[in-house]
Amino acid sequence: MRNRRNQRRLSNRVFMEIAEKVIPPRTHYLNATYGVKSWLLTTDHKRIALLYLASVTFFFFLGGLFAVGIRLELLTPKGDIVQAETYNRMFTMHGVVMIFFFLIPAIPAVLGNFLVPLMIGAKDLAFPKINLLSWYIYTLGAAFTVVAIILGGVDTGWTFYTPYSSTYSNGNVVLTGVGAFITGFSSILTGLNFIVTIHTMRAPGLTWFRLPLFIWSHYATSLIMILGTPVIAVTLLLLALERIVHIGIFDPALGGDPVLFQHLFWFYSHPAVYIMVLPAMGVISELVANMTRKNIFGYKFVAFASLAIAVFGFLVWGHHLFVSTQSVYAGMMFSILSYAVAVPSAVKVFNWTATLYKGSISYNTPMLYAFGFIGFFIIGGMTGLFLAALGVDVHVHDTYFVVAHFHYIMVGGTIMGYLGGMHYWWPKITGRMYPEAWARFAALVIFVGFNLTFFPQFLLGYMGMPRRYYAYPEEFQVLNVMSSAGASILGIGYLIPMIYFIWSMRYGPHASANPWGAFGLEWKTSSPPPTLNFEKTPVVTWEAYEFTPRDEMVVVSVRDVLDETLRPRPVGSE
Amino acid sequence: MQVPVPFSPDQASSYSGQVDALYGFLCALTFLVGIVISLVIIYFAIKYRRRDETEVGKPIEGSTKLELAWSIIPFCISMGIFVWGASLYYKMYHAPGEALEVYVVAKQWMWKFQHLDGQREINELHVPVGRKVKLMLTTEDVIHSFFVPAFRVKLDVVPGKYSTMWFEPTKAGRYHLFCAEYCGTSHSGMIGWIDVMEAAEYQSWLSGGAGEGSLASSGEKLFQQLACNTCHRSDAQGRGPVLEGVFGKEVQFQDGQRLIADESYIRESIITPRAKVVAGFQPIMPTFQGQVSEEQLLQLVAYIKSIGAKSPGAASTNAQPAKPAPPQQ
Numbered sequence: 000m001r002n003r004r005n006q007r008r009l010s011n012r013v014f015m016e017i018a019e020k021v022i023p024p025r026t027h028y029l030n031a032t033y034g035v036k037s038w039l040l041t042t043d044h045k046r047i048a049l050l051y052l053a054s055v056t057f058f059f060f061l062g063g064l065f066a067v068g069i070r071l072e073l074l075t076p077k078g079d080i081v082q083a084e085t086y087n088r089m090f091t092m093h094g095v096v097m098i099f100f101f102l103i104p105a106i107p108a109v110l111g112n113f114l115v116p117l118m119i120g121a122k123d124l125a126f127p128k129i130n131l132l133s134w135y136i137y138t139l140g141a142a143f144t145v146v147a148i149i150l151g152g153v154d155t156g157w158t159f160y161t162p163y164s165s166t167y168s169n170g171n172v173v174l175t176g177v178g179a180f181i182t183g184f185s186s187i188l189t190g191l192n193f194i195v196t197i198h199t200m201r202a203p204g205l206t207w208f209r210l211p212l213f214i215w216s217h218y219a220t221s222l223i224m225i226l227g228t229p230v231i232a233v234t235l236l237l238l239a240l241e242r243i244v245h246i247g248i249f250d251p252a253l254g255g256d257p258v259l260f261q262h263l264f265w266f267y268s269h270p271a272v273y274i275m276v277l278p279a280m281g282v283i284s285e286l287v288a289n290m291t292r293k294n295i296f297g298y299k300f301v302a303f304a305s306l307a308i309a310v311f312g313f314l315v316w317g318h319h320l321f322v323s324t325q326s327v328y329a330g331m332m333f334s335i336l337s338y339a340v341a342v343p344s345a346v347k348v349f350n351w352t353a354t355l356y357k358g359s360i361s362y363n364t365p366m367l368y369a370f371g372f373i374g375f376f377i378i379g380g381m382t383g384l385f386l387a388a389l390g391v392d393v394h395v396h397d398t399y400f401v402v403a404h405f406h407y408i409m410v411g412g413t414i415m416g417y418l419g420g421m422h423y424w425w426p427k428i429t430g431r432m433y434p435e436a437w438a439r440f441a442a443l444v445i446f447v448g449f450n451l452t453f454f455p456q457f458l459l460g461y462m463g464m465p466r467r468y469y470a471y472p473e474e475f476q477v478l479n480v481m482s483s484a485g486a487s488i489l490g491i492g493y494l495i496p497m498i499y500f501i502w503s504m505r506y507g508p509h510a511s512a513n514p515w516g517a518f519g520l521e522w523k524t525s526s527p528p529p530t531l532n533f534e535k536t537p538v539v540t541w542e543a544y545e546f547t548p549r550d551e552m553v554v555v556s557v558r559d560v561l562d563e564t565l566r567p568r569p570v571g572s573e
Numbered sequence: 000m001q002v003p004v005p006f007s008p009d010q011a012s013s014y015s016g017q018v019d020a021l022y023g024f025l026c027a028l029t030f031l032v033g034i035v036i037s038l039v040i041i042y043f044a045i046k047y048r049r050r051d052e053t054e055v056g057k058p059i060e061g062s063t064k065l066e067l068a069w070s071i072i073p074f075c076i077s078m079g080i081f082v083w084g085a086s087l088y089y090k091m092y093h094a095p096g097e098a099l100e101v102y103v104v105a106k107q108w109m110w111k112f113q114h115l116d117g118q119r120e121i122n123e124l125h126v127p128v129g130r131k132v133k134l135m136l137t138t139e140d141v142i143h144s145f146f147v148p149a150f151r152v153k154l155d156v157v158p159g160k161y162s163t164m165w166f167e168p169t170k171a172g173r174y175h176l177f178c179a180e181y182c183g184t185s186h187s188g189m190i191g192w193i194d195v196m197e198a199a200e201y202q203s204w205l206s207g208g209a210g211e212g213s214l215a216s217s218g219e220k221l222f223q224q225l226a227c228n229t230c231h232r233s234d235a236q237g238r239g240p241v242l243e244g245v246f247g248k249e250v251q252f253q254d255g256q257r258l259i260a261d262e263s264y265i266r267e268s269i270i271t272p273r274a275k276v277v278a279g280f281q282p283i284m285p286t287f288q289g290q291v292s293e294e295q296l297l298q299l300v301a302y303i304k305s306i307g308a309k310s311p312g313a314a315s316t317n318a319q320p321a322k323p324a325p326p327q328q
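Protein chains in written order, with numbering that gives the first Met the number 0: chain A, 0 to 573; chain B, 0 to 328.
In short, the hints are calculated from the structure, not lab data. Since we're looking at a predicted model, the values are computed, not measured. Some clues are possibly wrong.
Each pair of labels, with its calculated beta carbon distance range [said to hold, decoys possible]:
{"hint": "1", "chain 1": "B", "residue 1": "GLY23", "chain 2": "A", "residue 2": "ILE80", "range": "53 to 63 Å"}
{"hint": "2", "chain 1": "B", "residue 1": "ARG119", "chain 2": "A", "residue 2": "GLU473", "range": "41 to 51 Å"}
{"hint": "3", "chain 1": "B", "residue 1": "ILE41", "chain 2": "A", "residue 2": "VAL477", "range": "28 to 38 Å"}
{"hint": "4", "chain 1": "B", "residue 1": "VAL55", "chain 2": "A", "residue 2": "VAL477", "range": "31 to 41 Å"}
{"hint": "5", "chain 1": "A", "residue 1": "LEU226", "chain 2": "B", "residue 2": "SER233", "range": "53 to 63 Å"}
{"hint": "6", "chain 1": "A", "residue 1": "VAL447", "chain 2": "B", "residue 2": "GLY23", "range": "24 to 34 Å"}
{"hint": "7", "chain 1": "A", "residue 1": "TRP541", "chain 2": "B", "residue 2": "PHE74", "range": "47 to 57 Å"}
{"hint": "8", "chain 1": "B", "residue 1": "VAL55", "chain 2": "A", "residue 2": "LEU64", "range": "38 to 48 Å"}
{"hint": "9", "chain 1": "B", "residue 1": "GLU60", "chain 2": "A", "residue 2": "LEU236", "range": "25 to 35 Å"}
{"hint": "10", "chain 1": "B", "residue 1": "ARG273", "chain 2": "A", "residue 2": "LEU236", "range": "27 to 37 Å"}
No farther apart than 16 Å at their CA atoms in a straight line, the calculated lysine to aspartate or glutamate pairs in the EDC-like style are these [unchecked claim]:
{"hint": "11", "chain 1": "B", "residue 1": "LYS111", "chain 2": "B", "residue 2": "ASP261"}
{"hint": "12", "chain 1": "B", "residue 1": "LYS106", "chain 2": "B", "residue 2": "GLU123"}
{"hint": "13", "chain 1": "B", "residue 1": "LYS111", "chain 2": "B", "residue 2": "GLU66"}
{"hint": "14", "chain 1": "A", "residue 1": "LYS299", "chain 2": "B", "residue 2": "GLU66"}
{"hint": "15", "chain 1": "A", "residue 1": "LYS299", "chain 2": "B", "residue 2": "GLU139"}
{"hint": "16", "chain 1": "B", "residue 1": "LYS57", "chain 2": "A", "residue 2": "GLU542"}
{"hint": "17", "chain 1": "A", "residue 1": "LYS77", "chain 2": "A", "residue 2": "GLU542"}
{"hint": "18", "chain 1": "B", "residue 1": "LYS275", "chain 2": "B", "residue 2": "GLU294"}
{"hint": "19", "chain 1": "B", "residue 1": "LYS160", "chain 2": "A", "residue 2": "ASP256"}
{"hint": "20", "chain 1": "B", "residue 1": "LYS133", "chain 2": "B", "residue 2": "ASP9"}
{"hint": "21", "chain 1": "B", "residue 1": "LYS170", "chain 2": "B", "residue 2": "ASP140"}
{"hint": "22", "chain 1": "B", "residue 1": "LYS160", "chain 2": "B", "residue 2": "ASP9"}
{"hint": "23", "chain 1": "B", "residue 1": "LYS160", "chain 2": "A", "residue 2": "GLU542"}
{"hint": "24", "chain 1": "B", "residue 1": "LYS170", "chain 2": "B", "residue 2": "GLU197"}
{"hint": "25", "chain 1": "A", "residue 1": "LYS299", "chain 2": "A", "residue 2": "ASP79"}
{"hint": "26", "chain 1": "B", "residue 1": "LYS111", "chain 2": "B", "residue 2": "ASP194"}
{"hint": "27", "chain 1": "B", "residue 1": "LYS57", "chain 2": "A", "residue 2": "GLU545"}
{"hint": "28", "chain 1": "B", "residue 1": "LYS106", "chain 2": "B", "residue 2": "ASP140"}
Computed far set for chain B versus chain A, every beta-carbon distance over 12 Å [stated by the list, open to error]:
{"hint": "29", "residue": "VAL4"}
{"hint": "30", "residue": "THR53"}
{"hint": "31", "residue": "GLY56"}
{"hint": "32", "residue": "GLN107"}
{"hint": "33", "residue": "LYS131"}
{"hint": "34", "residue": "VAL147"}
{"hint": "35", "residue": "ASP155"}
{"hint": "36", "residue": "VAL157"}
{"hint": "37", "residue": "GLU180"}
{"hint": "38", "residue": "ALA198"}
{"hint": "39", "residue": "GLN256"}
{"hint": "40", "residue": "LEU258"}
Every residue gets a Cβ at the ideal spot worked out from N, C-alpha and C, and that includes glycine.
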């Protein structure tokens, strides 16, 4: 008996060993082909997303390095660690690198590239070769900027205001401008690719209102990329011409108008804020829906809010010019319009909150990032109301209040959304799980570090500390030290995910096709997906986030909610 | 209205209290919205936490009424904030007729002040408490921004252009003056002080050191040095228009356009004379760009202003005793 049992056990083991050798491992996009060439010449949107991931991660840490320099210098009121000139170059390069090479491409070019075709049931983007081209253009633009940095950088601030940038600065203005100019084209190509793909390549049955909200927000973002980016290209071109051949469009001595530059610059750069934050909002909609296993409350309102933000976003550039000697009446128009763009942003926050009602809320890391995003976005958004209020803006304009505000939106919003999305889709991208406990810990560290870094800056701003100051009066020191302390915590918070993500690529447990029990086409294919995404083209017969059948859906009324939450429950009802 | 707000600079001008009031309101609103939404999120997150791995949420479509409510109510509140903020803004950028005038020239990296009586200062401006002060600012190079946190005022100083701002100091003291628009290497060194003095103290400071005569008289000297007076003769026999009585009056140009002669017009006529040619005259005046500095331009403007039509605030009013500060709570 015993012998026979042993024999059977042995034969099982032998069978497994033979099976592993004979049946090849499942082929997916990561192991379909090997070699550097297979990556650099790939037209697979998923591989291109990973190329972008590598690039933006590099620039995130490069930009972060400049931030470290800034925060170190600001520990003391006097300028002591670096020269004023060096400091000015550091904050400029921090802005240029973070905005043009990290924040703008981060979510669309990494997560968007990876997910848009998967979410709509397509094999790839509409123009796979243009997609690859966009990464090469990005890399070329980045190369120009890196060369500019190596040659000493530029000291104009990322806003390149004339006539300082066109006539007075002795930094590498043209080289940096060319870098940003070139990179703009990669953004245009990505936007174009998304729009065509979303219009023409949706799976059968996937109507517009069945699309995940991630797709809606990427559609809105793509519109801004296509319509706005050419304007910054023209503006940078004019700046280069002004600097090299003095055409006299911005220089008052030649009959130009220096404030015209600010109008042109912000006509793109304000919508660019929405290029950075709309994709993050799309990520948050996915996280909130899937981590509560429930459809988004007011789906259509959230979808249209993205489009409204994209459209109104083009009409508010003048709120950057309230103290620029722009006409008082123009200021008033831009103020009203700025409040108009605040409404759809508020609508999104309310809808995410309402989605939690009667959900099945998970506390996994992606959801923690979603909670963090909503909190930061409330503070970032509400302080936007301060800045749009003309009389208050006059005082806080160009102070640390503005610095704090936009970091709450860009770092608290975009980066929280990006990290939340990276954790959520990591199993799909790599086929591996990240360590959950470490990830929750890192999310907490980032939350604490972020607030400690940027909240004191609101107070500094109202007290009157101007931005871009290398040295400052002593009364501002305490809050600056707090901010620098927070920045070091935040820096550690960003390093932890970097480490465990790399670790998990090799050692993380294998992920199933749908480890979260989430809804959406990307979870209906294996992890990692095959090169062509789906074994066969899916046919969609369900609504977005339809965790439970549609006919059970109810329309909620305020009274129901209040009754439920406020009325004491009869004894023994549960 | 003087509302004390923590982490705010001194309230030292007539509208610092008003700005603080709106700021305080916005802080309270932010706090309220933040707390309410956070509490709702925390409540839901605890009550509806996932208790079982296979559990799904209850499907809820949404509610159009709620959507309308939370679109329209925030919009109405924000329009209220808009009106409040815009009315403050309008006041800040509409200079009063009667005010003490000071001319400011910014350059990398200092602030130069010229008083009408001829006092000049660098990086320090003395003004009396309780008087409205009107600044006319320009710059020799890049854009700067005149920022006095204690007064809650700020205005960019743009090359090729005169900008005006005003404030009324209500509390004697020394207050920070910052450049708020990045202007190059020593941007953070382009700082100074506003010295707000009691009326009597200010009078003695004024009599302390005028030196070179009033701004208008320096302008007059310059007017002769540059030989402006050979064409712009007061007897109407010159090749250029008579400048006596021009300032503050309407001027008609060759192309039929009309304009009230103000500081910017005078400046433009010196720098680019052919931009606007007065009807009945030939465009023969040469440009003085590069020959006169921004400070000299201001002296010329002050001179032409002093011989202009009687306009409020044009003449030196420094000798008047300062009015007492309005009572503040």
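Verification of the supplied hints:
no.: 1; hint: GLY23/B / ILE80/A: 53 to 63 Å; in the structure: violated, 37 Å
no.: 2; hint: ARG119/B / GLU473/A: 41 to 51 Å; in the structure: violated, 29 Å
no.: 3; hint: ILE41/B / VAL477/A: 28 to 38 Å; in the structure: holds, 31 Å
no.: 4; hint: VAL55/B / VAL477/A: 31 to 41 Å; in the structure: violated, 50 Å
no.: 5; hint: LEU226/A / SER233/B: 53 to 63 Å; in the structure: holds, 58 Å
no.: 6; hint: VAL447/A / GLY23/B: 24 to 34 Å; in the structure: holds, 27 Å
no.: 7; hint: TRP541/A / PHE74/B: 47 to 57 Å; in the structure: violated, 35 Å
no.: 8; hint: VAL55/B / LEU64/A: 38 to 48 Å; in the structure: holds, 45 Å
no.: 9; hint: GLU60/B / LEU236/A: 25 to 35 Å; in the structure: violated, 49 Å
no.: 10; hint: ARG273/B / LEU236/A: 27 to 37 Å; in the structure: holds, 30 Å
no.: 11; hint: LYS111/B / ASP261/B; in the structure: violated, 22 Å
no.: 12; hint: LYS106/B / GLU123/B; in the structure: holds, 14 Å
no.: 13; hint: LYS111/B / GLU66/B; in the structure: violated, 55 Å
no.: 14; hint: LYS299/A / GLU66/B; in the structure: holds, 10 Å
no.: 15; hint: LYS299/A / GLU139/B; in the structure: violated, 54 Å
no.: 16; hint: LYS57/B / GLU542/A; in the structure: holds, 15 Å
no.: 17; hint: LYS77/A / GLU542/A; in the structure: violated, 60 Å
no.: 18; hint: LYS275/B / GLU294/B; in the structure: violated, 23 Å
no.: 19; hint: LYS160/B / ASP256/A; in the structure: holds, 10 Å
no.: 20; hint: LYS133/B / ASP9/B; in the structure: violated, 20 Å
no.: 21; hint: LYS170/B / ASP140/B; in the structure: violated, 33 Å
no.: 22; hint: LYS160/B / ASP9/B; in the structure: violated, 31 Å
no.: 23; hint: LYS160/B / GLU542/A; in the structure: violated, 59 Å
no.: 24; hint: LYS170/B / GLU197/B; in the structure: holds, 9 Å
no.: 25; hint: LYS299/A / ASP79/A; in the structure: violated, 54 Å
no.: 26; hint: LYS111/B / ASP194/B; in the structure: holds, 14 Å
no.: 27; hint: LYS57/B / GLU545/A; in the structure: holds, 10 Å
no.: 28; hint: LYS106/B / ASP140/B; in the structure: holds, 6 Å
no.: 29; hint: VAL4; in the structure: violated, 8 Å
no.: 30; hint: THR53; in the structure: violated, 7 Å
no.: 31; hint: GLY56; in the structure: violated, 3 Å
no.: 32; hint: GLN107; in the structure: violated, 7 Å
no.: 33; hint: LYS131; in the structure: holds, 17 Å
no.: 34; hint: VAL147; in the structure: violated, 8 Å
no.: 35; hint: ASP155; in the structure: violated, 5 Å
no.: 36; hint: VAL157; in the structure: violated, 5 Å
no.: 37; hint: GLU180; in the structure: violated, 6 Å
no.: 38; hint: ALA198; in the structure: holds, 27 Å
no.: 39; hint: GLN256; in the structure: holds, 18 Å
no.: 40; hint: LEU258; in the structure: holds, 17 Å
In terms of the numbered hints stated before, the structure departs from hints 1, 2, 4, 7, 9, 11, 13, 15, 17, 18, 20, 21, 22, 23, 25, 29, 30, 31, 32, 34, 35, 36 and 37, listed from lowest to highest.
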